[in-house]
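Protein chains: 4
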Amino acid sequence: MKEPTFRPAAAPDTFETANFRPVNFASDNVTGVAPEIMEAIVEANAPQGAWPYGNDDVTGGLNDRFSGLFDTETSVYPVATGTAANALCLSLIAQPFNTVYCLKHSHTYEDEGGAPEFYTNGAKLVPVPAAEGKMTAAALEAAIGEVGGGGARLPHVMEAAAVSFAQATECGTVHSIDEVQDICAVARANGLFVHLDGARFANAVAALGCEPSEITWRAGIDLMSFGATKNGAMAAEAVVLFNEDLEDTLSRRRMRGGHLFSKMRFLSAQLARYVEDGLWLQLAANANAMAERLSAGLAEIDEIAIEYPVDANMIFATIPGDTAERLRDAGFDFYDWGDADRPSIRLVCAFNTDADDVDRFVEAARG
Amino acid sequence: MKEPTFRPAAAPDTFETANFRPVNFASDNVTGVAPEIMEAIVEANAPQGAWPYGNDDVTGGLNDRFSGLFDTETSVYPVATGTAANALCLSLIAQPFNTVYCLKHSHTYEDEGGAPEFYTNGAKLVPVPAAEGKMTAAALEAAIGEVGGGGARLPHVMEAAAVSFAQATECGTVHSIDEVQDICAVARANGLFVHLDGARFANAVAALGCEPSEITWRAGIDLMSFGATKNGAMAAEAVVLFNEDLEDTLSRRRMRGGHLFSKMRFLSAQLARYVEDGLWLQLAANANAMAERLSAGLAEIDEIAIEYPVDANMIFATIPGDTAERLRDAGFDFYDWGDADRPSIRLVCAFNTDADDVDRFVEAARG
Amino acid sequence: MKEPTFRPAAAPDTFETANFRPVNFASDNVTGVAPEIMEAIVEANAPQGAWPYGNDDVTGGLNDRFSGLFDTETSVYPVATGTAANALCLSLIAQPFNTVYCLKHSHTYEDEGGAPEFYTNGAKLVPVPAAEGKMTAAALEAAIGEVGGGGARLPHVMEAAAVSFAQATECGTVHSIDEVQDICAVARANGLFVHLDGARFANAVAALGCEPSEITWRAGIDLMSFGATKNGAMAAEAVVLFNEDLEDTLSRRRMRGGHLFSKMRFLSAQLARYVEDGLWLQLAANANAMAERLSAGLAEIDEIAIEYPVDANMIFATIPGDTAERLRDAGFDFYDWGDADRPSIRLVCAFNTDADDVDRFVEAARG
Amino acid sequence: MKEPTFRPAAAPDTFETANFRPVNFASDNVTGVAPEIMEAIVEANAPQGAWPYGNDDVTGGLNDRFSGLFDTETSVYPVATGTAANALCLSLIAQPFNTVYCLKHSHTYEDEGGAPEFYTNGAKLVPVPAAEGKMTAAALEAAIGEVGGGGARLPHVMEAAAVSFAQATECGTVHSIDEVQDICAVARANGLFVHLDGARFANAVAALGCEPSEITWRAGIDLMSFGATKNGAMAAEAVVLFNEDLEDTLSRRRMRGGHLFSKMRFLSAQLARYVEDGLWLQLAANANAMAERLSAGLAEIDEIAIEYPVDANMIFATIPGDTAERLRDAGFDFYDWGDADRPSIRLVCAFNTDADDVDRFVEAARG
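Residue numbers (numbering that gives the first Met the number 0), protein chains in the order written: chain A, 0 to 366; chain B, 0 to 366; chain C, 0 to 366; chain D, 0 to 366.
Just so you know, these hints were derived from the structure itself, not from any lab. From the three backbone atoms N, C-alpha and C, an ideal C-beta is built for every residue, glycine too. A few of these clues could be false.
To be verified - Label pairs and their in silico Cβ distance ranges:
{"#": "1", "chain 1": "D", "residue 1": "45", "chain 2": "C", "residue 2": "128", "range": "37 to 45 angstroms"}
{"#": "2", "chain 1": "A", "residue 1": "176", "chain 2": "B", "residue 2": "66", "range": "51 to 59 angstroms"}
{"#": "3", "chain 1": "A", "residue 1": "189", "chain 2": "D", "residue 2": "128", "range": "46 to 54 angstroms"}
{"#": "4", "chain 1": "A", "residue 1": "189", "chain 2": "B", "residue 2": "243", "range": "46 to 54 angstroms"}
{"#": "5", "chain 1": "A", "residue 1": "288", "chain 2": "B", "residue 2": "35", "range": "34 to 42 angstroms"}
{"#": "6", "chain 1": "A", "residue 1": "288", "chain 2": "B", "residue 2": "15", "range": "42 to 50 angstroms"}
This is chain A alone, in the form it adopts within the complex (with noise of 0.2 angstroms):
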């Protein structure tokens, strides 16, 4: 299957508040905060203070909690976004003369503005092939071989070090734990370390309704950003390390970047809540089940096509030519994708999208 030309082709005014339309399925980071997230922000703010930087209880227990969570040993950064998490990660597994393999289409290859370059010092991100959206072990294999031959003793060529895929994808698909378990062992017989980005990991994790150890540590992952603001943190992400041979680099790496919290509490607030009684999988199953819904209900309208599984909370269809003027007139929004060819909307369904919304959002597809 052809890759769709993957970026929002949005008119010049997309952006303009007056055009914030009430039902916004542009993306999951168009949404708030979850109740819940916010009663931890404000209960956070006790009168006496606390120490900062992490050295508060909150933070304190992170790595517990995250140990709990993964059942396993971990340690835990909390960072307040995706693209810091992401390009710290890869600065701990890539030196400046290292390749990181990657999907073109991925948040880390086309849309953090050279975070990656800049954390790591410069190392190369080299694309690989996608299917639906997914990194495989074969497109993985095949990129790497590519590189062999004599002239890969030479230090010309830049030498791979570790491979970075999303889960859930930026497609909306979901990597099987075997599929995982597959990319990390051609990771591994390859000596290089494997990053996950999960600024969507919730939504992996609901839909697969695995462990998240399954597709992750006991998969062969390394390290992971483990994302919280697309599903209902205020701005918490969080550096998940499980491999112990990881350089110890972590906390001077996040100084320099500026991205240490004096208030830290404030950020670990949100993630001890977000983690706590399964709040996480509550809010991304909402998500997913949405799509599920909203996917479904498309996929009955014949001018449309779905073009991936829809196995999370992200939908890319197909549309016809005025439907999404359409759409916007009845007061829906979302993102243009593809192109004029072949017209294209993405729609994200969030922890808080309503299933009447969603309704009347096919309802107004039919047309």
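Got chain A; can you put chains B, C and D on it based on the hints?
For chains B, C and D alone, kept in the frame of chain A given last:
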């Protein structure tokens, strides 16, 4: 006057939570969030969401708010940490082969874990001697002169591009309007940009009772880090650009550093509320007043010497050997400073410091 | 046509000295120094010495020499390696948050060990499909178009700043004057600077029989790496700037990279002699003529196919499985290219390649 | 003793060729190439060529040559400039969030245009006060102690990783074996690597009459820049690694910096000849002897004061106001140093400095 060893001389257990004492003067970053600001955060959580990455109303209004505050057209870029603000500012005004004059005992030089070097891709910070924690025109001029001579024409010698200093300073002193003007005049005469680290800018403005413009662009400042976190925000600072000749690359540099928030409105809401109705100055006024009260009380104790003019919200006090221990036993906390030969402590008052706590501290210090 | 796996497929022992065979077509960098240039080096060793760092007569005269050569005012900066020249050039035209279009199978993208990323502090090289090893205006335009859409207005997407291509190419082809003009026109229309990697520029000029200006600044090239090492110098390349709008920081960037020679005159003497009396074109003409003779001879052999037009001094030839071994046994050397499915070899002729050796090679290839 | 303003105080026309006077003591880099070394370069130009990038016999033999010279297994990496050697060395021992102790008036700190920061991706050089141009164990220990205290546990404070100093020094002094051992002992006790900038290493060894190993690895040096350019080579320095625990990434870092020469044998031939038959020490012995003769002569002149012990080949002399002009009129050249209050000159003798020239200079200085 000899510059003190300017670093907390903390015992290894300083940051253990069990040691967090109820009344804590260690830093203004041990405090939480001012109620007004927390309320603004909660209010920003409108159910319908908003465009991400700053394409929301609250962020959209910041330029106007700050232009009003500074009585001139400004560009404002919210970030979450002071280190990010400082490093991003420096990256605008210093190329990798440039130097930046600063104070040795400044946050930028000593306490940002390499962030200035990182964001400038390797510019060199050149320390200038301080006078009571302040940059002076004379010291700056002397430092510039030192590099002179024929050798400076060779590319061996990194070319100076900027000067950066803090207001209020790390010693709790405040540069007068004249002092800022004089520094900027020397800078201008030598073709240097001037950056102001305003992590405690509110305390300086409150102390001087001046207009914000008088110690910034009207005095010759090109760009600043406008701090809010230490004075009641949760995690919010603003890069404020005054000079229109500055490179227009801040938004790309911020993204590349991983400092562009998707749910930006929660950052912006803090800044918007902070500067609304003079809240920022009210909060700073309390911190300053409490510091004055505290230093006045301590100054009356024979064995205690106040080390610097207490212009803003910080006090450095030389104390007898056993005083620190006695104060901690009484439930107070603070950082040890100085060294074994001259035991000294740092006391920082905050937006929510209580007069009764101050009085009890003085009482306890009296012994 | 399928692009070959573009990397020497050398056996592990390729580079063992014992395997250096008397007649070596592996690369033009296996050659030594042209006698005229060695003589110039020896002559530069005047007993009385000279001012260092380029403040000598020979270096001082380079701007004039190159301005004459290119029939326009140029600034010339000698360095010792092509990688340094290319990376320094890119650092002038691409900020760290920019992208540079290049070919995948180019020295810049594949063979410089991360130098472009290093010197640009993290800019991203974006590969464009080649046509017989050449950059084309159409491919460049398509690549630029791919990034379009509304998303490109976000700082997430690195902004394109430049295009870089080689002349002669890595496939031994040469862009015509028109082709260079067309590429530059697309670049200019999109606000991109154009860098020429002229590691084999002499071969291109000799092949086209044109004025150097016609395929450089007159066609729209902003700056170039002017190679001499592969064509008879010991270690000398020149960064040549044509566009006066380019940042005036090359001499500082060169120093910062450690590429400013104290005894610069020995570098400059190579370049000065190289361009004197047309030596550079005479040397290149021999290399080109020998490649033509070699390819003409090989083309008559049924089992051998020449893969690209032999415009300059390089030949890629598909050969039967046992031919390479037989040729090596006969005392010839070269790099294996291609892969197991399609065995292929690369043959590079040099300034000192001998017609008899060429003829003996063809004879041996005939088998 | 007050440290001089350590920079040539040259008049604007210093580097004009017309001003290059026949007898030039400005620097050892104004000299040319020793005949033996030029001969080796010419000889390396064997007609049949050689494998590129160091895969040639001459380069292949360097490890053995240097292992013999240093009486231990070493790895040797030729580069062309001292700045490249120093910066590459530092990049092996300091991460971007580390500091490196050095002297303020050192090449590394003041004269390499940002190369150390570039190659380490932003590490910070921390200046330590010198004693007659030398690093001392005591000053190093004091500098290390200054960073101590509780704050050092925070990632805010860049962690020290290394110390770097020159031998011979920029003042023309030489650290004794004991002094080197003492510095290294302090470094080792604090977990720091030790780098030696040996741009004038030959002068130091010749001065001490010791084995090269005694002031390097046996004393605790981990790696060094072994200079040849200032002592008769054309452009050749070697990075020499003694400590096997050092990261094995030098060849990739050298490539990434653009410092891997394709025709490497011409670099290696210089180094090979330089250390053959004690040539390097003979050349240095002349430079040292001439400096001694010169300083002895000048010391007898009442108005002239020699500023530092003349251990190697450099002399700093305080001279009466009109002496410099008179000497220049007499056909001698040198750099002005010092400042208006204390006019001073630097005189550097070289491998080819002539005793008659020295005597004539003294005569002319006598006035």
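Please name the hints from earlier in the document that this structure breaks, with their numbers sorted from lowest to highest.
none
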